[in-house]
Amino acid sequence: MTDTRTSGLSNVETTVLGADEIILNMGPQHPSTHGVLRVKLKLDGERVVDSECIIGYLHRGVEKIAEHRSYQQFAPYVDRMDYVAAVSNGLGYCEAVEKLLGAEAPPRARVVRTILTELQRIASHLLWLGTHALDIGALTPVFYCFREREEILKIFEKYCGARLTTHAFRIGGLQYETYDGFESDVKRFCEDFTHRIDEYETLLTENRIWVGRTKGVGILSAADAIALGVTGPVLRASGVKWDLRKAMPYAAYADYQFDIPTRPTGDTYDRYIVRMEEMRQSQRICLQAIENIPAGAIMAKVGKVLKPPPGEVYHSIEAPKGELGYYIVSDGTTQAYRVRVRPPSFINLQAFDRMARGSLVADVVAIIGTIDIVLGEVDR
Amino acid sequence: MAPVPLDNEFVERLKVKFGNAIREATLDRKQAIVNVEAMRLREISRYCRDEEKFDMLVDLTAVDWPNREKRFDVIVILYSFQKNERVRLKTHLGDGELVPSLCEVWPAANWLERECFDMFGIVFEGHPNLKRILLPEEWEGHPLRKDYDILKQDTAWVRENLGIESGQ
Amino acid sequence: MAMNYILFAFFSVMAIGCSILMVTRRNIVHSAVFLIGALLATAGIFLQLQAEFLFVVQIILYVGGIMVLFVFVIMLVNLDVSMRLVQFNRQKWAAGVLALVLGAQVLFALWIGRGELRLPAPAVDVSPKNTEAIGQALFQHYMLPFEIASVLLLVAMIGAVVMAKRRV
Amino acid sequence: MGHLIPPSILPYVLPVVYGVVIVAVLPLMAGYIVLLERKVMADMQARLGPMRVGPHGLLQPIADAVKLLLKEDIIPEKADKLMFWVAPLVSVTMALLAYSAMPFGPAFQIADLNVGLLFILAVSSLGIYGIVLGGWASNSHYSLLGALRSAAQLVSYETAAGLGLVSALLLAGSLSLKDIVQAQYDQGEWFVFSVPIGFFIYLVGSIAETNRAPFDLPEAESELVAGYMTEYSGFRWSLYFLAEYANMIIVAGIATTLFLGGWLRPFPRFADHLPGTSVEIMDAIPGLVFLGVAAYCFWLAPKQPVKIQRIVMATVGGLCLALAGAMAAALFAPEGVRQGVYGGFWFLVKVMAYLYAFLWIRFTFPRYRFDQLMRLGWRFLIPLALVNLIAVATARVASEEWGWYPRITMILATIFTLAVALWLASRDQKHEPATETAGGD
Numbered sequence: 001m002t003d004t005r006t007s008g009l010s011n012v013e014t015t016v017l018g019a020d021e022i023i024l025n026m027g028p029q030h031p032s033t034h035g036v037l038r039v040k041l042k043l044d045g046e047r048v049v050d051s052e053c054i055i056g057y058l059h060r061g062v063e064k065i066a067e068h069r070s071y072q073q074f075a076p077y078v079d080r081m082d083y084v085a086a087v088s089n090g091l092g093y094c095e096a097v098e099k100l101l102g103a104e105a106p107p108r109a110r111v112v113r114t115i116l117t118e119l120q121r122i123a124s125h126l127l128w129l130g131t132h133a134l135d136i137g138a139l140t141p142v143f144y145c146f147r148e149r150e151e152i153l154k155i156f157e158k159y160c161g162a163r164l165t166t167h168a169f170r171i172g173g174l175q176y177e178t179y180d181g182f183e184s185d186v187k188r189f190c191e192d193f194t195h196r197i198d199e200y201e202t203l204l205t206e207n208r209i210w211v212g213r214t215k216g217v218g219i220l221s222a223a224d225a226i227a228l229g230v231t232g233p234v235l236r237a238s239g240v241k242w243d244l245r246k247a248m249p250y251a252a253y254a255d256y257q258f259d260i261p262t263r264p265t266g267d268t269y270d271r272y273i274v275r276m277e278e279m280r281q282s283q284r285i286c287l288q289a290i291e292n293i294p295a296g297a298i299m300a301k302v303g304k305v306l307k308p309p310p311g312e313v314y315h316s317i318e319a320p321k322g323e324l325g326y327y328i329v330s331d332g333t334t335q336a337y338r339v340r341v342r343p344p345s346f347i348n349l350q351a352f353d354r355m356a357r358g359s360l361v362a363d364v365v366a367i368i369g370t371i372d373i374v375l376g377e378v379d380r
Numbered sequence: 001m002a003p004v005p006l007d008n009e010f011v012e013r014l015k016v017k018f019g020n021a022i023r024e025a026t027l028d029r030k031q032a033i034v035n036v037e038a039m040r041l042r043e044i045s046r047y048c049r050d051e052e053k054f055d056m057l058v059d060l061t062a063v064d065w066p067n068r069e070k071r072f073d074v075i076v077i078l079y080s081f082q083k084n085e086r087v088r089l090k091t092h093l094g095d096g097e098l099v100p101s102l103c104e105v106w107p108a109a110n111w112l113e114r115e116c117f118d119m120f121g122i123v124f125e126g127h128p129n130l131k132r133i134l135l136p137e138e139w140e141g142h143p144l145r146k147d148y149d150i151l152k153q154d155t156a157w158v159r160e161n162l163g164i165e166s167g168q
Numbered sequence: 001m002a003m004n005y006i007l008f009a010f011f012s013v014m015a016i017g018c019s020i021l022m023v024t025r026r027n028i029v030h031s032a033v034f035l036i037g038a039l040l041a042t043a044g045i046f047l048q049l050q051a052e053f054l055f056v057v058q059i060i061l062y063v064g065g066i067m068v069l070f071v072f073v074i075m076l077v078n079l080d081v082s083m084r085l086v087q088f089n090r091q092k093w094a095a096g097v098l099a100l101v102l103g104a105q106v107l108f109a110l111w112i113g114r115g116e117l118r119l120p121a122p123a124v125d126v127s128p129k130n131t132e133a134i135g136q137a138l139f140q141h142y143m144l145p146f147e148i149a150s151v152l153l154l155v156a157m158i159g160a161v162v163m164a165k166r167r168v
Numbered sequence: 001m002g003h004l005i006p007p008s009i010l011p012y013v014l015p016v017v018y019g020v021v022i023v024a025v026l027p028l029m030a031g032y033i034v035l036l037e038r039k040v041m042a043d044m045q046a047r048l049g050p051m052r053v054g055p056h057g058l059l060q061p062i063a064d065a066v067k068l069l070l071k072e073d074i075i076p077e078k079a080d081k082l083m084f085w086v087a088p089l090v091s092v093t094m095a096l097l098a099y100s101a102m103p104f105g106p107a108f109q110i111a112d113l114n115v116g117l118l119f120i121l122a123v124s125s126l127g128i129y130g131i132v133l134g135g136w137a138s139n140s141h142y143s144l145l146g147a148l149r150s151a152a153q154l155v156s157y158e159t160a161a162g163l164g165l166v167s168a169l170l171l172a173g174s175l176s177l178k179d180i181v182q183a184q185y186d187q188g189e190w191f192v193f194s195v196p197i198g199f200f201i202y203l204v205g206s207i208a209e210t211n212r213a214p215f216d217l218p219e220a221e222s223e224l225v226a227g228y229m230t231e232y233s234g235f236r237w238s239l240y241f242l243a244e245y246a247n248m249i250i251v252a253g254i255a256t257t258l259f260l261g262g263w264l265r266p267f268p269r270f271a272d273h274l275p276g277t278s279v280e281i282m283d284a285i286p287g288l289v290f291l292g293v294a295a296y297c298f299w300l301a302p303k304q305p306v307k308i309q310r311i312v313m314a315t316v317g318g319l320c321l322a323l324a325g326a327m328a329a330a331l332f333a334p335e336g337v338r339q340g341v342y343g344g345f346w347f348l349v350k351v352m353a354y355l356y357a358f359l360w361i362r363f364t365f366p367r368y369r370f371d372q373l374m375r376l377g378w379r380f381l382i383p384l385a386l387v388n389l390i391a392v393a394t395a396r397v398a399s400e401e402w403g404w405y406p407r408i409t410m411i412l413a414t415i416f417t418l419a420v421a422l423w424l425a426s427r428d429q430k431h432e433p434a435t436e437t438a439g440g441d
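Protein chains in written order, with our numbering: chain A, 1 to 380; chain B, 1 to 168; chain C, 1 to 168; chain D, 1 to 441.
Think of the hints as simulated: they come from the structure by calculation, not from any bench. Do not take every clue at face value.
Once the Cα atoms are required to be at most 25 Å apart in a straight line, the calculated DSS-like pairs of lysine-lysine come out as [claimed, not checked]:
1. A/K307 / B/K30
2. A/K246 / B/K30
3. B/K131 / B/K15
4. B/K70 / B/K53
5. A/K241 / B/K53
6. A/K241 / B/K83
From chain A, some residues computed to sit far from chain B (all C-beta separations above 12 Å) [what the hints assert, rightly or not]:
7. P261
8. D331
9. F346
Backbone N, C-alpha and C define an ideal beta-carbon position, used for all residues, glycine too.
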């Protein structure tokens, strides 16, 4: 092993071992890539010199299908994109088409939609926390998180018959009236959830090894985050106080109090804190919303056949992973001319290379977990 | 609710700065759309980012209108944190024409432009590594074009890989 | 008494066998393992002489410490290059002569002592116990050499650290 | 009985019998520790654990053993056949060899070497070869990397654990394990109370030495798959598995003997006789414990859904009852037998408690990264162990020569070492974030 440094080579590639870098291939089948993501890492010893994400293994051509389906028929496809947060996908799509139609969901529908979306956000964050902790080696939190998530999925099942890809909303409002006992279920879950989340915090937040493995890992500065178009908890953890639910309120978010957690340094630990705080805020919204669900109709008069006037609209909501946007172009027929989905996971994953560069191989696992990507949404 | 011509100081400043590069500005469902000339897209975007404070590129996509002579619309959606506003820059682009890449202005555009190239075949001039992102490298054709027939592609693939005639 | 002889014969054969095997093996890791075997055999002989502290220290230091680092380094350096080189150098004759001389010397020593070729009688009770004896010797009678040795070791360690620290 | 066996091999008979008993019981015990681990893990994670094989999964270890025996035993094509075959053997033999000096009870000890503790340390340090050669012989990049990492981890934490033990030796004054326990009896105090920091260092060192979480880096790292054990399967893999659990029991045994008073019952010298009899209350506890377990089994038996499980649970209850009877009978047995039986019971209870701590730590802490692991070992544990050694030595000198009250000097030594520990920890804390991504080498 000739030591390139002493041989006077001035090339940038002087490496610690003097040997050329190793290309380590992680995925697409890998215990901690949250689905079919393949990452090619260029390593110098343990340090990541360069990384490239290879995606597309789960590409189903959702946007092409949209052009051959009517607006109502396309709604179930939307749930299959971010299958972990199906309800908020549905909300985004339905509200975008309502904006296209110029219609407005009745107040009762908007409040019930807000409650279900916030429950879905808690469920999505719980799944993230469980798998993220498992990747870093903590075996126990995943079971606690899934125990809570089970409660939420039971509520979804009672409401609309499905647990994961729920297709809970319709364009113009809701299909089903809330089952009796809906309010008590949600209230019981929220009250019970307060000390559950403290349980997770005691297990991880001050845990020296957890802090050691996450603090200072995968740092993303605020400027980089905005330049890379990163949104959601990842952006808020970099210090940018921006949440679509406050900036451009939709559904019934305008009339509830909740605050937006932000953290200064934007490392894996801060993203963990931001998401934990977000779960508490979502639970707070649910409690406020469940107090007074307005009576009245649950479906606006949009008629059976939807023929929105020609034109285009862009509407986005704050999904658990970030800003989930729908750009829909209508040519006046019953089928959309073009539906473009702005996938938060796809754009957040682009920041992976910026975070992973210079970190150790063991950190790559933590960084993939902290961006919280779902490959269904990345590949569409 | 047809699109209504839009005329506010933002559009005025754009027209003053870029003259006829700004084709028209309309308001569709209370959302501002500015139609700009393709070749000067990068300067206009840089201007929007620096002076007009549209500091986040929300999305970059395209729409295919086959029966128009300039068939592609390249859509750039920007958002300003300070003004809490969105604007949509739209350019008309013929098939095979080049459009300046926005990677220098917003690094976020890297993957978005690669996906546009993958799905529509629009070539972004000045892009660091413009190659397919979602589909395999050797895939021919661009799926999101209106004239792209999924059946033809499927039967060819089945015949070639499985050696049988696809029943579709 | 018979057990003593059997054990002594076993250990000595093992020691000689392992060392011969060590030298003749082509695969470096195999020869390292045989070196460990030889060291264990000498430890066994220590035990036979009722020096159990030396037996244990021999195992901990030599086999458990130094040999682990030997094997460690052997694995870090990739072996396939060195395996293909010719192992034995040319001076066969010089080695043969030297071996003969040494063999003669050993035989002569055996011949001189042929009268009392038997093992020392096992001491019934060794007082003070072996460990205390060594402890006393080291820290009372041979205090100075012990200190000098420790300083020497310290210097060696610091030297190793400085050399290993590539980028200061 | 003496005249039946020729006098020359009489001294070797009892150790051989003990040896056979240990080698026979150990795989069973290791199997049931695996079951215990899965049950405790499940309990901590709000679930049930193995329930299918036998009542409450009691027959699971046997099922695992049979499965491992039947599984195909693959040897990689380019592997070094000899080394591949030898490596697990080295691991298991070294693990079993270490039991020869382990005092399970006042009488039940294979050989009371006067360098007992050092012998066990020496033999367990030979266990590294099983791992290193196994990793090298599998001829795959991942297992070699895993083997190197675990070798480095074992070597560095062995020093820390060794120094932790030495601080207890200073109090005991002898290397023979029986004398150490005797010393704790004479001083009337378990060493864990006089040198708590030594115990803590040994606890951390022993977790790292047996490759257990949160130091289970070589085998659980996501890109190393299973470290040096990747290419092993079937019976060969179970040898490694047996070696790991045997090492765990040894490490627990050493800790019990040195720090938790070996086979001494909690208040060894506290002779409180039952009214009118020579039976001491503390000796009745083992009997009562087994009685309680038996009652619990009988209470559970009828609840079992399947008939066969009811029978098995009832037999387990009966077994515990028999043991309770034996414990009670031992009350009136002669001194030697009574000491042996109760000594064994208390030793196993303490070993089980120590193992429970292992399992508990495994399921609460995430995994260390390799550089953090080495930094903790070399920059925190070993310096702390050295300081602790010096402090305890000065405390001994203070109480021996200068006549200070021994308990006070010990407490002073502990406080001093704690102060140094906090300083070391804060130095690491300040230093750690800085080197995180500064590309420090």
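Hints and how they fare:
no. : hint           : result
1   : A/K307 / B/K30 : 19 Å, holds
2   : A/K246 / B/K30 : 19 Å, holds
3   : B/K131 / B/K15 : 35 Å, violated
4   : B/K70 / B/K53  : 30 Å, violated
5   : A/K241 / B/K53 : 17 Å, holds
6   : A/K241 / B/K83 : 14 Å, holds
7   : P261           : 18 Å, holds
8   : D331           : 9 Å, violated
9   : F346           : 7 Å, violated
When the structure is compared with the earlier hints, violations turn up for hints 3, 4, 8 and 9 and for no others.
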